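Read top to bottom, the protein sequences are chains A and B.
Numbering-wise (UniProt numbering), the first sequence opens with residue 1 and increments by one.
Numbering-wise (UniProt numbering), the second sequence opens with residue 1 and increments by one.
It should be emphasised that the hints constitute simulated quantities derived from the structure, not laboratory data.
Be aware that a few hints might be false.
Far from chain A, some chain B residues (derived; all Cβ distances over 10 Å) [stated by the list, open to error]:
| no. | residue |
| --- | --- |
| 1 | Leu162 |
| 2 | Gln175 |
| 3 | Leu197 |
| 4 | Glu272 |
No more than 35 Å apart at the CA atoms, straight line, and that leaves these computed lysine-lysine pairs for DSBU-like [what the hints assert, rightly or not]:
| no. | chain 1 | residue 1 | chain 2 | residue 2 |
| --- | --- | --- | --- | --- |
| 5 | B | Lys271 | B | Lys112 |
| 6 | B | Lys261 | B | Lys47 |
| 7 | B | Lys37 | B | Lys47 |
| 8 | B | Lys15 | A | Lys250 |
| 9 | B | Lys280 | B | Lys47 |
| 10 | A | Lys250 | B | Lys244 |
Simulated DEER-style distance windows between Cβ atoms [unchecked claim]:
| no. | chain 1 | residue 1 | chain 2 | residue 2 | range |
| --- | --- | --- | --- | --- | --- |
| 11 | A | Pro552 | B | Thr223 | 35 to 41 Å |
| 12 | B | Arg258 | A | Ala254 | 51 to 57 Å |
| 13 | A | Arg166 | B | Gln165 | 34 to 40 Å |
| 14 | A | Leu70 | B | Phe242 | 44 to 50 Å |
| 15 | B | Lys244 | A | Gly175 | 34 to 40 Å |
| 16 | A | Gly180 | B | Glu39 | 21 to 27 Å |
| 17 | B | Met87 | A | Ala176 | 20 to 26 Å |
| 18 | A | Gly175 | B | Arg258 | 44 to 50 Å |
| 19 | A | Gly180 | B | Gln31 | 18 to 24 Å |
| 20 | B | Gln31 | A | Arg192 | 34 to 40 Å |
Given the structure is predicted, the values throughout are model-derived calculations rather than measurements.
Backbone N, C-alpha and C define an ideal beta-carbon position, used for all residues, glycine too.
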Amino acid sequence: MRTGVIGLILPSTFSFLEMMWRICPALAVGCTVVALVPPASPTPLLLAQLAGELGPFPGIVNVISGPASLGPVLASQPGVQKVAFCGALEEGRALRRALAGEGAELGLVLGAEALLLLSDAADVDSAVEGVVDAAWSDRSPGGLRLLVQESVWEEAMRRLQARMERLRSGRGLDGAVDMGARGTAARELAQRYVREAQSQGAQVFQAGDVPLDSPFYPPTLVSDLPPASPCAQAEVPWPVVVASPFRTAKEALALANGTPRGGSASVWSERLGQALELGYGLRAGTVWINSHGLRDPAVPTGGCKESGSSWHGGPDGLYEYLRPSGTPTRLSYLSKDLNYDTFGLAVPSTLPAGPETGPTPAPPYGLFVGGRFQAPGARSSRPIQDAVGNLHGYVAEGGAKDIRGAVEAAHQAASGWAGQSPAARTALLWALAAALERRESALASRLERQGVELKAAKAEVELSVRRLRAWGAQAQAQGQTLQVAGLRGPVLRLREPLGVLAIVCPDERPLLAFVSLLAPALAHGNTVVMVPSGACPLLALEVCQDMATLFPAGLVNVVTGDRDHLTRCLALHQDVQALWYFGSAQGSQFVEWASAGNLKPVWVSRGLPRAWEQEAEGAGPELGLRAARTKALWLPMGD
Amino acid sequence: MKTYNVFEEQDWISKIQVNHPAVLRRAEQIQARRPVKKEWQAAWLLKAVTFIDLTTLSGDDTSSNIQRLCYKAKYPIREDLLKALNMHDKGITTAAVCVYPARVCDAVKALKAVGCNIPVASVATGFPAGQTHLKTRLEEIRLAVEDGATEIDIVINRTLVLTGQWEALYGEIRQFRKACGEAHLKTILATGELGSLTNVYKASMIAMMAGSDFIKTSTGKETVNATFPVAIVMLRAIRDFFWKTGNKIGFKPAGGIRSAKDSLAWLSLVKEELGDEWLKPELFRIGASTLLSDIERQIYHHVTGRYAAYHDLPMS
């Protein structure tokens, strides 16, 4: 069902198309829009005029012209369910921090840099045309990083420079020009970048002579920039192209994926196998093969890593403005006295349990990291009590070092797991389901000790087994071909694993919630680091005993301990690709605030309980959508 | 003319890749992006006239229509229109006249009668299909040169291209070159029958290495004649050849160019890809017959502001 009121915040330079691509899908699914636009641009005022003419439906599009500082004010209005922002990285980060705890969900699309990968099997002249489309035309969103294979470096540079001589800069509305001007701010940014690049040792080539005081910035090619220099790490502004050589395809992927940005990229190679290998290997939201800059409303456009995880176009673009039926309206749960610096920093000390009565309890469980049970770094454990207050067992007290080890183990297993065929993933999940079935009596008796009735406990175990099987079967659905008008050739919407997914389980339903969250994450090819229920992590650790024998090492890592402390470590970790948090309201707010570090997509419960036994909330399509990310792969055909 | 050892170049040639959809996109862009208007359009159209090889290649050619053609070649635009543009004394004629070998004598006589020294180009080597014996093809060239043709348009053997026999193709074109002697050689690649853009590039390269003065897109008799994507590939080949050897080879699109607007797009294409140095009759020609009348009508419109009927302007 539709989300509700959408707030749209636009940056100081944006194109009409970008604005409409966000407003139209929102309206199409039934949401209403409030757009905050910078005061200097006239286009949104035209939109406001058109909106005013919608007689029977006043108020579905509203336009406010104001400074960017009004963004958080807009977002904190009661009733605003989602805020969509596109613009610069730092502004996006600041907005993420400012909106932690507010009712509105935040969708970010940041940065405008693209990547072009030119291999030696490419049609170099056509790739040069691709560079022109990507960086030196009015349609290009930003600058370009160009990676050229060393064997064609000389040729490519020569052709690029010859082509640059033919580009014409002029007033944007004159049909015969290639590039217009984008305002003084953009010009100054480009100038600063080029000056710094030169001071760091780069060669700069600019076509034509443009007088210093003209508003046009000439097309610029920067080469020989040392990879470790600050300019090579920063985002490339328009209309600059930074070219670097690479030796092999493997090196190309390492260079291309070695930045925090992951927006769009193109691969130029006439060898099908090589082109697809590079296309699948690039971590970007959109990959074009032997073309650049193709757009279509039916194809999702978005990014990954620090380019934000919000989409427009295609099915993903519509899902942005929808939420599962029956979900209540999001309200602000902001707690103003939450201190981000001290939340979860210190682990509160637990009193030792009373004198042990009854039969000798089992030795403390370790942490399940890297496929086996290990002792925690802090060398301490915490007692777990059952429903009547007796001692149920001891679990390890995990800390920051253990989280670090768990995330590393998960990364080591990630490429192998992502490379597994869907059938192999299904087989493993079904094997785990069978193992749980065999362990039913042990699990049911533990649940009973936590105060659950025997019949309900058995039902819970059975439901967990069923969920594992169901998600296992869904591992098959991985990608689809989209219908695109105006292109000869397929466009694939691939669903790729996020990478390492961190999940903090809720206190209630220690077994069911654990399995319901684990299964979709694994089925979509992720490796996980889980913090099980704080009230009774023993059930999760029982499941780990089976996973130790069935799963490859590092696929699932379970770390027990103080939930707030572990959440802090995971939320601040720069190498965790996504975080799901089902804990307290304060914890949710902290997670949202801390995710601004590497802009990881987060899913928080805001402290509200969730009905895990119901299909809609416990095993609905929302889980599948959040467990993977999309990549659009364009394959124009023709010979 | 420097000769090339084809065996050395074979390796570099086999690595050539041309991406069809990308070239199509560039072709669309060129047509949309460089429009010319008003007096500049009139100037460009007059320049286009000087590039035309006025052609008649029909089975029913006789000396009377050849005479008419040659007269039109000397006076392509009506005198009063040129006077209105103040261009009547600049010696605007078409670049050449193109006819079948049997009509070369008639063309030479007609041009002498009019007092025009533009070259007569003859098609040869089994035009348009080229499916005759090598001996007769060479003899055709010699006879045409004897009759007074100073430019020869030959067709390549498409069989050799489609079977990948690049060395044999090179050998044949070198023989044609020798048979031409002092005459200027244009090699028609018949791109509509070559199968892929990569083949077009390779054939262009071989033709240039074997000593052609011009490479030409098509005979005008195929189903697909001169199109922008094919032209882009050929122009890139010319530029690459120039970078490698320093020799400038000319380009001629032929067939399917009927409107003045098209001709302007062709001029823009050559200007964008190769630069202004190629925009002269020694390096660029357009093979056309009805194009001239359309250009004349556009100039009529520019001068008078009215649209002409076909009978207002002299026939060619």
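Status of each hint after checking the structure:
no., hint, result
1, Leu162, "15 Å, holds"
2, Gln175, "32 Å, holds"
3, Leu197, "8 Å, violated"
4, Glu272, "5 Å, violated"
5, Lys271/B - Lys112/B, "34 Å, holds"
6, Lys261/B - Lys47/B, "13 Å, holds"
7, Lys37/B - Lys47/B, "14 Å, holds"
8, Lys15/B - Lys250/A, "22 Å, holds"
9, Lys280/B - Lys47/B, "9 Å, holds"
10, Lys250/A - Lys244/B, "32 Å, holds"
11, Pro552/A - Thr223/B: 35 to 41 Å, "59 Å, violated"
12, Arg258/B - Ala254/A: 51 to 57 Å, "54 Å, holds"
13, Arg166/A - Gln165/B: 34 to 40 Å, "37 Å, holds"
14, Leu70/A - Phe242/B: 44 to 50 Å, "59 Å, violated"
15, Lys244/B - Gly175/A: 34 to 40 Å, "36 Å, holds"
16, Gly180/A - Glu39/B: 21 to 27 Å, "26 Å, holds"
17, Met87/B - Ala176/A: 20 to 26 Å, "25 Å, holds"
18, Gly175/A - Arg258/B: 44 to 50 Å, "24 Å, violated"
19, Gly180/A - Gln31/B: 18 to 24 Å, "21 Å, holds"
20, Gln31/B - Arg192/A: 34 to 40 Å, "38 Å, holds"
Checked against the numbered hints above, the structure violates hints 3, 4, 11, 14 and 18; every other hint is satisfied.
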